[in-house]
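Asks: With chain V held as given, fit chain R onto it using these hints.
Each protein sequence line maps, in turn, to chains V and R.
1 is the number of the first residue of the first sequence in UniProt numbering; add one for each residue after it.
1 is the number of the first residue of the second sequence in UniProt numbering; add one for each residue after it.
A hint or two may mislead.
Stated by the list, open to error - List time: in silico EDC-like cross-link candidates among lysine to aspartate or glutamate, alpha-carbon distance up to 16 Å: (1) V:K214 / V:E55; (2) R:K85 / V:D163; (3) V:K68 / V:E79; (4) V:K41 / V:E21; (5) V:K214 / V:D140; (6) V:K164 / R:D82.
Treat the hints as calculated values from the structure; they're not laboratory data.
Take a look at the letters that make up each chain.
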Amino acid sequence: MLQVSVYRYNPETDSAPYMQEFQVDTQGRDVMVLDVLHMMKEQDNGLAYRRSCREGVCGSDGMNMNGKNGLACITPLSEVVKNGKLTLRPLPGLPVVRDLVVDMGLFYKQYERIQPYLQNDTPAPAIERLQSPEDRDKLDGLYECILCACCSTSCPSFWWNPDKFVGPAGLLQAYRFLADSRDEATRERLAELEDPFSVFRCRGIMNCVSVCPKGLNPTRAIGKIREMLLANAT
Amino acid sequence: MVTNITSFGRSGLSDWLIQRVSALILAVYTLFMVGYLLFNPGLDYAAWSGLFSATWMRIFSLLAFVSLAAHAWVGLWTVTTDYLKPTAVRIAVQLVVILAIFVFLVWGIQVLWGA
Chain V
1 MLQVSVYRYN PETDSAPYMQ EFQVDTQGRD VMVLDVLHMM KEQDNGLAYR RSCREGVCGS
61 DGMNMNGKNG LACITPLSEV VKNGKLTLRP LPGLPVVRDL VVDMGLFYKQ YERIQPYLQN
121 DTPAPAIERL QSPEDRDKLD GLYECILCAC CSTSCPSFWW NPDKFVGPAG LLQAYRFLAD
181 SRDEATRERL AELEDPFSVF RCRGIMNCVS VCPKGLNPTR AIGKIREMLL ANAT
Chain R
1 MVTNITSFGR SGLSDWLIQR VSALILAVYT LFMVGYLLFN PGLDYAAWSG LFSATWMRIF
61 SLLAFVSLAA HAWVGLWTVT TDYLKPTAVR IAVQLVVILA IFVFLVWGIQ VLWGA
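Isolated chain V (complex conformation) (with noise of 0.2 Å):
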């Protein structure tokens, strides 16, 4: 039997949140947290969480558990349990809807805030724009985001100032961009960044890197940014 602490909040009955506790029969396999959920839902089926695709591409199922942020679908329970003990909680520093389901909106907010989107006002060659194997190597390791927010919210500096400071994933982003040979807003882009919130909030303490699903690296893209902004300045 596996022992499963749940956070658990319903703004519309409940004055404060609370742990619930669960007891699942998992039958000594080795299921996924998002697999334990389900059979907690049978439980009982107020339980709210998002999920989608199961498979670790839509990245709805981000959570906190046993302290680490990560996505349930993906992540076994040889990976987090420990002592027969399982802690599930919403990703930190977001406002809670109910249970595990958080208000996105900051997170979101930040990622519209860099623009991401190719931008480039020649006019486009009557078929597409080419870039070269090399250019095109260059967007490896940042395009494969899928915003599941894990890394923004296990980032004290964007618990601190998630009004401000753009995050890891949103950084991640602004580099993607950034390193676009086909993008032309690269001046606009990096001097909406040079404040000493946006980018400079980063003290490099790697909590993203360490958590990202897909082991991408916001902490390296962000190097990369303060790199350009010095190449750029006098």
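Replies: Below, chain R without anything else, positioned relative to chain V:
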């Protein structure tokens, strides 16, 4: 772009660079001081006063004082913006910190050049 009025350089990039350069200067100054004290065990007033009467030592010390002032401003400004959310409290603490840094800096210059 987040607007700032009480940060040291008004720019994250310049604050970041100043923080690193001043840290380097302070590290060199500290190493020099520790080294000097270790290699001069029987230090007396005359030797100590002689060291600080040399122009190069005064320039080196003043550089370290200015670096310390800038470093403290950038660092403490960052701490206040993390932890003090009410604007009035934050600005008040920042002004006290900046004023203290100014007083200590002028006092330091007086000690260094006044004698």
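Asks: Do the alpha carbons of K41 (chain V) and E21 (chain V) lie within 16 Å of each other, as the hint requires?
Replies: holds (13 Å)
Asks: Within a Cα-Cα threshold of 16 Å, do K68 (chain V) and E79 (chain V) meet the stated pairing?
Replies: holds (11 Å)
Asks: Hinted pair, alpha-carbon criterion (16 Å max): K164 (chain V), D82 (chain R). Please report holds or violated.
Replies: OK: K164 (chain V) and D82 (chain R) at ~11 Å, within 16 Å.
Asks: With the threshold set at 16 Å, check whether the alpha-carbon distance from K214 (chain V) to E55 (chain V) stays at or below it.
Replies: holds (12 Å)
Asks: Given the hinted pair K214 (chain V) and D140 (chain V), is their alpha-carbon gap at most 16 Å?
Replies: holds (12 Å)
Asks: Going straight from one Cα to the other, do K85 (chain R) and D163 (chain V) come out at no more than 16 Å?
Replies: holds (12 Å)
Checked against the numbered hints listed earlier, the structure breaks none of them; every hint is satisfied.
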